[in-house]
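**Q** One-letter residues, chain by chain:
Number of protein chains: 2
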Amino acid sequence: MADEAPFQLLHSELVQYIYKSGENAETENGRNITKLENMGFRVGQGLIERLTKDTARFKDELDVMKFICKDFWTCVFKKQIDNLRTNHQGIYVLQDNRFRLLSHLSAGKQYLEQAPKYLAFTCGLVRGALSNLGVRSIVTSEVSIMPACKFQVMIQKM
Amino acid sequence: MADEAPFQLLHSELVQYIYKSGENAETENGRNITKLENMGFRVGQGLIERLTKDTARFKDELDVMKFICKDFWTCVFKKQIDNLRTNHQGIYVLQDNRFRLLSHLSAGKQYLEQAPKYLAFTCGLVRGALSNLGVRSIVTSEVSIMPACKFQVMIQKM
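Sequences listed follow chains A and B, in order. Residue numbering for the first sequence follows the working numbering, beginning at 1 and increasing consecutively. Residue numbering for the second sequence follows the working numbering, beginning at 159 and increasing consecutively.
Calculated lysine-lysine pairs in the DSSO-like style (CA-CA distance at most 30 Å, straight line):
1. Lys109(A) with Lys20(A)
2. Lys20(A) with Lys275(B)
3. Lys70(A) with Lys150(A)
4. Lys193(B) with Lys20(A)
5. Lys224(B) with Lys211(B)
6. Lys66(A) with Lys236(B)
7. Lys275(B) with Lys53(A)
8. Lys267(B) with Lys236(B)
9. Lys78(A) with Lys193(B)
10. Lys78(A) with Lys211(B)
11. Lys66(A) with Lys117(A)
12. Lys53(A) with Lys236(B)
Listed next, the stretches of chain A that the computed footprint assigns to chain B, with coverage defined by at least 3 CB atoms under 8 Å from CB atoms of chain B:
13. 9 to 20
14. 40 to 49
The hints are simulated quantities; they were obtained by calculation from the structure and are not laboratory data. In this text the structure is predicted, and so the values were computed from the model without any measurement. Ideal Cβ positions, reconstructed from N, Cα and C, are used throughout, including at glycine.
Chain A on its own, in the form it takes in the complex:
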């Protein structure tokens, strides 16, 4: 199905645009990642608002994370997170075995360094969604074998 394609293609254009309009310095890369992360944050906020309009209150943090892995992920990527793990102390690892925003990159090792710029937006997306549900977090990502990737969510206690 091509249902996720408009979002995917638009995201890829956005990454290219941001990287093209900036310079190529190392510091610029950091700034671009931040820009993408911030845009993801705002989209995540808007999205979770629409998705939770008619849902019941969440029981606890784990309940929130399950919603992100199922409903939220399906809305954006047309699939669920494949694996959710937690240490029960505020760290959650969400694994996607076939992450859509990486699927257009070849799986060769030489493309691994390209991966972070395609993950920054989604880190922000998760952080924004959680933030609107009252959960402050830091979200990072990691790719070992494409197109699989992991998002690590560290809950910030207030």
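Once you have looked at the hints, place chain B on chain A.
**A** Chain B alone, transformed into the frame defined by chain A:
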């Protein structure tokens, strides 16, 4: 349903980003419109490729336009074009009575001047899709009462 929301919200972030990063001069507005149109063009090309992978050959120009109004529009906006008209001489008018990328703007007249920047991407989208199907065109848009709008497609004979 929130199915079109990720695309919609990302598009709105993109428009804001492009307008924020540029200056506010009149000429800059034209450049921003062009940037958005070009990004739409490339997304349209990629999208139509996926959508037509398994479809039969199109009979004629009208057949192509019907595909844009139904399958293509539904894939991006989760609804069909409401009305398609043609003069049978290469001009087509596609009317969407509730255009998704305008639905977040209020309907007041004072927002009408904001409309073009939310339509440029979609003009490019249509032009890109048609271009990949071998149809060269010029696509313009028009809003009279929000959130309804019209896209006019002028086929360019080769």
